[in-house]
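Make one complex out of these two single chains by using the hints.
First to last, the sequence lines map onto chains A and B.
According to this note's numbering, the first sequence is numbered sequentially starting from 23.
According to this note's numbering, the second sequence is numbered sequentially starting from 28.
Hint data in this document are derived by calculation from the structure and do not stem from the laboratory.
Treat the hints with care, since some could be wrong.
Okay, the calculated beta carbon distance ranges per label pair [stated by the list, open to error]:
no. : chain 1 : residue 1 : chain 2 : residue 2 : range
1   : A       : VAL47     : B       : GLY219    : 24 to 30 Å
2   : A       : THR40     : B       : LYS160    : 38 to 44 Å
3   : B       : GLY219    : A       : PRO238    : 32 to 38 Å
4   : A       : ARG233    : B       : GLY84     : 53 to 59 Å
5   : A       : ASP216    : B       : GLY137    : 14 to 20 Å
6   : B       : GLU197    : A       : ALA43     : 36 to 42 Å
7   : A       : ARG131    : B       : GLY219    : 30 to 36 Å
8   : A       : PRO238    : B       : ILE134    : 16 to 22 Å
9   : B       : ALA198    : A       : PHE312    : 41 to 47 Å
10  : B       : LEU90     : A       : ARG230    : 56 to 62 Å
11  : B       : ILE134    : A       : GLU95     : 22 to 28 Å
12  : B       : GLY137    : A       : PRO270    : 43 to 49 Å
The C-beta atom is built at its ideal place from N, Cα and C for all residues, glycine as well.
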Amino acid sequence: MSKPNSERRRRQTLIAWTFAAPFVVIFAVFMILPIASSIGFSFTDMTARDIQTPFSVDFVGLQQYADVLTDPEFQNAAVVTALFVVVGIPVTVALGLGLALALNSGIRRFRPIYRVAFYAPVVTSVVAVSVIWRYILARDGLLNMLLGTVGIEGPDWLNSTTWALPSLILMAVWRNTGTLMVIFLAGLQAIPPDIREAAAMDGAGRWRRLRSVTLPLLRPTMLLGGVLISVGYLQFFEEAFVMTQGGPLDSTLSMTYYTFNTFGFGDFAKASAASYIMFVVIAAVSVLQFRLLRRST
Amino acid sequence: MTQPKLLSARPFTYVVLTAGLVAWLAPFAWMVLGSFKTQDEIFADPPTWWPQSPTSGNFTRWLTELNFGTFFTNSLVVAVITVLGNLLFCSMVGYALAKMDFAGKRILLGVVLVTIMVPGVVTFVPLFVIVAKMGILDTYGALVLPFLTQPVGVFLMRQFMLDIPDSLLEAARIDGASELRIFTRIVLPLCGPALATLGILTFLGSWNNFLWPLVASQSESMYTLPVALSLYSTGQYATDYGTLLAGAVLIITPILALFVLLQRYFVQGIATVGLK
Chain A
23 MSKPNSERRR
33 RQTLIAWTFA
43 APFVVIFAVF
53 MILPIASSIG
63 FSFTDMTARD
73 IQTPFSVDFV
83 GLQQYADVLT
93 DPEFQNAAVV
103 TALFVVVGIP
113 VTVALGLGLA
123 LALNSGIRRF
133 RPIYRVAFYA
143 PVVTSVVAVS
153 VIWRYILARD
163 GLLNMLLGTV
173 GIEGPDWLNS
183 TTWALPSLIL
193 MAVWRNTGTL
203 MVIFLAGLQA
213 IPPDIREAAA
223 MDGAGRWRRL
233 RSVTLPLLRP
243 TMLLGGVLIS
253 VGYLQFFEEA
263 FVMTQGGPLD
273 STLSMTYYTF
283 NTFGFGDFAK
293 ASAASYIMFV
303 VIAAVSVLQF
313 RLLRRST
Chain B
28 MTQPKLLSAR
38 PFTYVVLTAG
48 LVAWLAPFAW
58 MVLGSFKTQD
68 EIFADPPTWW
78 PQSPTSGNFT
88 RWLTELNFGT
98 FFTNSLVVAV
108 ITVLGNLLFC
118 SMVGYALAKM
128 DFAGKRILLG
138 VVLVTIMVPG
148 VVTFVPLFVI
158 VAKMGILDTY
168 GALVLPFLTQ
178 PVGVFLMRQF
188 MLDIPDSLLE
198 AARIDGASEL
208 RIFTRIVLPL
218 CGPALATLGI
228 LTFLGSWNNF
238 LWPLVASQSE
248 SMYTLPVALS
258 LYSTGQYATD
268 YGTLLAGAVL
278 IITPILALFV
288 LLQRYFVQGI
298 ATVGLK
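In isolation and in its complexed conformation, chain B is listed as follows (with noise of 0.2 Å):
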């Protein structure tokens, strides 16, 4: 009898994927389309839905009017710095944590675990203070230095690398190799997928991250991408819903491109994150 039940469930499953599919989704399209709606347009009433008179206006009003090119500069050069400090500094650590036996090697592990589950909320204000007691506010910085490392990178590198067979870094050992020579011949190129995944993670984070570039940035020549939304979208564009939706354009649309070619990593992270 199960059978047949079986096989009716499917047509509806599929029926109700779609119908989410398309709610889901519906933000995206609707973003696009308004991005190229005239102002009078986007409140139209009765709306539209295609772009009666399309316009690239929204647009070019970030490149020529609103130092789009600074912002896009900004926001890449912090997360590929970001991404880089990441890669070598977790992994470093990582490395040293999963195959290395030392004194106060305990305490370490467990201080990163700990500091895991410490909510971004408490260490805002101290952070303020100490970053503008270095004087660094308003520089890169600023928006790089405090995220150059993160535990659960350490944590995703270490639980990685301690599936690296030990016989192989002793053979090296063996044949005299130092331990950077280990580390940066052997142990970093049989990690590809898990620094792929921490650099895809921490890319997007940086990408995303919002509420630190904004009080850490106070001229516009430091801005960050969703800085500069956010700024517009609360001041003098307000309303205006054209240039807005063309900056969200413009924020989302290299992030989900990276995400549709990299979907596997995304996922992974979100994995091995979440279930190790």
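Here chain A stands alone, though its shape is the one from the complex (with noise of 0.2 Å):
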């Protein structure tokens, strides 16, 4: 009995693996390879120059790691990003979470028009929204013609070392704002009804239920929607590069910009690992996130 079935086990992987072949050789080469070359080009001299021979490099160990880490430009960068993510990710899930509720409250008229609008942004490419924020942002634009009628005069909001930043944390939030707002409805809908009418019939009151019931319930979702989103956010890097340069005084500057400037220079090993340096930043983020919410539970 065992003879046959090896052969037919052989011949299945032999299928699977026709099945899995142009997979398997793209994924290699556009992402296994340059994963893996990354972390080698990080730990040489790599160049832009280097780029038709690029095992000619020269082997210099952590130096590209201690130079990423020593650079005040970087350290910058990281404040930047830090500054983006905790004021960012609040703000998102909280509005996220808000519309989730209200759409979920048990309204029925206009709630797929709702759901559209709150979601059209998270559709829509950077670059073009990015021209539409830098347009409503200038110094003319459409913000400070709004705060003029109440009376108050708007900064040059994307040319203020003070207020670029929180400029683009506010596109950053309307872009992405629809996307938690989708995992939080699928997550509140999976909740069974009678859970929250037994806590209501025991008299928990509306902040109560809300309190006591749906939001633990709710808790894997919004981890996950959360990490999703400081993903996300710990990457940022389009909305600036488009609306500010990365500017002004490189108060918008952040990681992700650093890895691409210094990319640009054709610092390509510097790049790398700027990049790894990135990923373990963003993966620890990922746990840690992931730690807290499981402790709380």
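Following this line, the structure appears as structure tokens:
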């Protein structure tokens, strides 16, 4: 009995890898090889000039990592990214949760319209959206015009070292709230209604039901949404690239932007080291969020 | 006591949601209005809401001076090929992972799952080196090949195919159908919703993709729409908001229309990728 069985398995293995072959080839060349090479690059002194002979570079150990970490520009980028994340995530999560709760509170009319409207910014191109927001945030733009009607003289948002980063956060919140709303809505709809009804029967009021029943049950979904959005925010770049070019005075120069600039200067090894430092930060933040939320459940 | 409270909460909810909706859609409305304004009116003081002398000049500029046709074709060709590649390759490997027992299966699945979590910034630099070394920079190859498959797509197809009953496939095998025949005649037709979700998410990603095409295309004839718009918005047209807003309208409208028509699959995609 075992012989035909192993024969069959061998045949299946062959068939399975044939099915997997196109994926495996593309994946190996454009995903696995780059992941492996950027580790490799980061321990060398590779620059744009070595592009045709990537194996003739010198090994420099951890020098690139040390250079990145001690680079004041990278340290500034880390602070900028941290500010973006620390302010942006709570706001996005709160808004996404608020919208999901409102849409799940039993309203029927116009519900699909609300959902489409709040999700619409998610499907739009960063570049296109940046153009709109640059126009809105210009010194004589829509925002300052609206502020003017209530007697406030708005700053030149994107050219102010104080306001450029908050402006980008505002735009990121606008673009990402829809994603969290959809994820949270799916989570809310997965909570059996009889649990909340039971709580209501026991005399729990609206607020109490939300705090003691709904939110605890929503915790896994919130964790997932939180990780998803953190990973995105930690890599923020495109908004800054199109709207502020990292300025004014590097006040919106994020870690990804730093990596991109380093790459642009042809310093491929240093850029690779910077990208792995970011990878470690992103992985650490994800793990930390899992830990924190698991402990509090 | 909770009953009247519930009732009174409704109108309040509607008011808040509607105020939010107006704020959320205002940037789009402002974009469309601005795209029909003349350069003088765009920053007129006092500003105008409705275009006083509506012009289509901003749009015709894209069609005549700015090679819109080329950029649009590039965006579309790249997106369509990327979608087709993903539908075919991700579902093939997804089928193997979901319904076959073979040596190396666990490793393959593990590698796929781990790479879902690797951020794009890590592969960016070596990807450029590899593509440059292959000599395909500034060609469709550079824009398409790295995106023909994605680990997340494999995962999505595999998860969906796990739910296809084995008995269905066994019956076909007993009838002597080859694996290829089973895949094309039984499995793929059952995967409609998953293929739609994957196709739409891939199209969206490709249509909006920006950083890689910016780096990988060097001549204007290879620009996609976002690349063209970003270069104009930081270059010679930096202050020509009419032209830039018209460009934004041209990029956003197709994808927004697609979203409104097929929103079920968009939302499903987020929920599947996010929740499973």
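Now the hints, each set against the structure:
1. Evaluation of the 24 to 30 Å hint for A/VAL47 and B/GLY219 yields a pass: the beta carbon distance comes to about 27 Å.
2. For A/THR40 and B/LYS160, the hinted distance range of 38 to 44 Å is not satisfied, since their beta carbons lie about 28 Å from each other.
3. In this structure, B/GLY219 and A/PRO238 meet the distance hint of 32 to 38 Å, their C-beta atoms being roughly 37 Å apart.
4. For the pair A/ARG233 and B/GLY84, the supplied restraint of 53 to 59 Å holds, since their beta-carbon distance comes to about 56 Å.
5. The given range of 14 to 20 Å is broken by A/ASP216 and B/GLY137, whose C-beta atoms sit roughly 39 Å from each other.
6. Remark: the range hint 36 to 42 Å for B/GLU197 to A/ALA43 is contradicted by a beta-carbon distance near 24 Å.
7. For the pair A/ARG131 and B/GLY219, the beta carbons lie near 31 Å from each other, so the given range of 30 to 36 Å is met.
8. For A/PRO238 paired with B/ILE134, a C-beta distance near 38 Å fails the hint of 16 to 22 Å.
9. A C-beta distance of roughly 43 Å is found between B/ALA198 and A/PHE312, which places it inside the suggested range of 41 to 47 Å.
10. Range check, B/LEU90 to A/ARG230: Cβ separation about 60 Å, and the 56 to 62 Å hint holds.
11. Separation of B/ILE134 from A/GLU95 is about 40 Å and departs from the stated range, judged on CB atoms against 22 to 28 Å.
12. Between B/GLY137 and A/PRO270 the beta carbon distance is about 46 Å. The supplied range of 43 to 49 Å therefore holds.
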